[in-house]
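Listed in order, the protein sequences are those of chains A and B. Mapped onto our numbering, the consecutive letters of the first sequence carry residue numbers 1 to 100. Mapped onto our numbering, the consecutive letters of the second sequence carry residue numbers 1 to 163.
In case anyone wonders, no lab produced these hints; they're calculated from the structure. Take the hints with a grain of salt, since some may be wrong.
What the simulated footprint calls covered on chain A by chain B, stretch by stretch (three residues with Cβ under 8 Å from a Cβ of chain B suffice, anywhere in the stretch; the number is not a length) [what the hints assert, rightly or not]:
hint, region
1, 8-19
2, 23-29
3, 32-39
4, 53-65
5, 73-80
Don't be surprised by glycine CBs; every beta carbon is placed ideally from N, CA and C.
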Amino acid sequence: MISSAFYLILSAILFTIGVVGVLTRRNAVVILMCIELMLNSVNLTFVAFSRYLSSMTGQVFVLMTVAVAATEVAVGLGLVIALYRQKQTADIDDVNILRW
Amino acid sequence: MEMVLFFIFAGVAVVGALGVVLARQSDHSALFLLLNFVALAAIYVTLNAPFLAAVQVIVYAGAIVVMFLFVVMMLNVAQRERPETKPVQRYVGLVLGVLLLIGLIFVGGSNPQLPPALTRSDNVVNIGEALFAEYLLPFELVGLLLLIGVVGAVVLGKRKLEE
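In isolation and in its complexed conformation, chain B is listed as follows (with noise of 0.2 Å):
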């Protein structure tokens, strides 16, 4: 059951991976993403991971996805892209891709088959523990991570006074 599941998710999320980057125009390659997102959302459930998924699907297809939409229909990038990359460009950066998928997949290989853990059901308060007890500092300061950014995009967004 767990590996039938596992087939159909990998398989709607390499789809959709390869959908982002084979799309010619650039919105359907966000709708890609978006599918690509869930799918690996529903593998996290199956890794018995319920609270990633969910933030998974509340940041990543919620919020991450709509502001590349928003960017990309405010843009209007979808004609304005020419039609072909460059074969030399295609050609490289394909070889370069087979070799990296070969190294990948030559030390995943390798690595030690992991005995399976035992499952413990409250993911949430585990995680809880862990984040507001072990990592509290890496917390904070992803938080205070986020406000940078916050004031970087509005800064780089925002029109030029007029002098």
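Here chain A stands alone, though its shape is the one from the complex (with noise of 0.2 Å):
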């Protein structure tokens, strides 16, 4: 049984790399998929814990974290496709109606 700190560094890498994504993409879809490449990695921090403490807390709440991405993602897509109809574009760059 490897030790639970390879679980957590693993999982602060793909979050990192989540963050870096939302930060310098501009594709809307694809920050979206950033964002659920964080969501995946608090998912594994979670399952390791649940492993290593020997409780199902963790593996519960992953599944409701499952049910809130799937609806996320619901949602996120269908305003790039609302604002896609209104602008032409998933360019978040190009939506800026709210900055002054």
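Bring the two chains, given one by one in their own frames, into a single complex with the hints.
See below:
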């Protein structure tokens, strides 16, 4: 059985990649994918602690997160489609009507 | 053995995540996301959570990636995205990411090493007992949330009615 630190570090790496993706990409669909990466890295932490603490709570939390992630993607992609209908673009740099 | 499996799947997961961020075309990003999800499902199996691995493959790899691909194909964003991100944005994002990674690894590494726990074999039974006894109310609320999400997605996605 390997140390829990390995899972935490893998999770940290995946989360950071997701954050960098959100900060650097401009395509709204890819940004949603990077948010999914971050949610998944947190799920990994939950499952690892669930294993090491021998408790089911972490796995129940992951099930909740999966449902929330699915909802978030459905609504987010709905927003992207609505945006595309309005402005013919999915590039968030072209969407600045709330910027002053 | 467990160590070898962990490093193989961790490498695949990191490659998938990097591919999502670095791929030029968003349909390639979606496929790298699929790779990342499947690698994480394999890691869940090694963590003695086979039910979550199945959920991961069915919901994430099956439903969410298909939804992403569907939207990418529908919008045909691949050709429309400008080739480069702004250099300033890229460097600032990279620096902030490295700082975050250092912080997270510091926190994760200072965590006291947990002793290996006893493994229980009937994973699905345990999840069912926890979900439908201890966490029944959150479970029902998540169902409600899914319903609201479906209604919201339909409202956002439908065309405006002719006035």
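These are the hints, each one checked on the structure:
1. 8-19: holds (count 12)
2. 23-29: holds (count 6)
3. 32-39: holds (count 5)
4. 53-65: Answer holds; 9 residues pass the 8 Å Cβ test.
5. 73-80: Contact hint for the region 73-80 of chain A vs chain B: holds, 7 residues under 8 Å.
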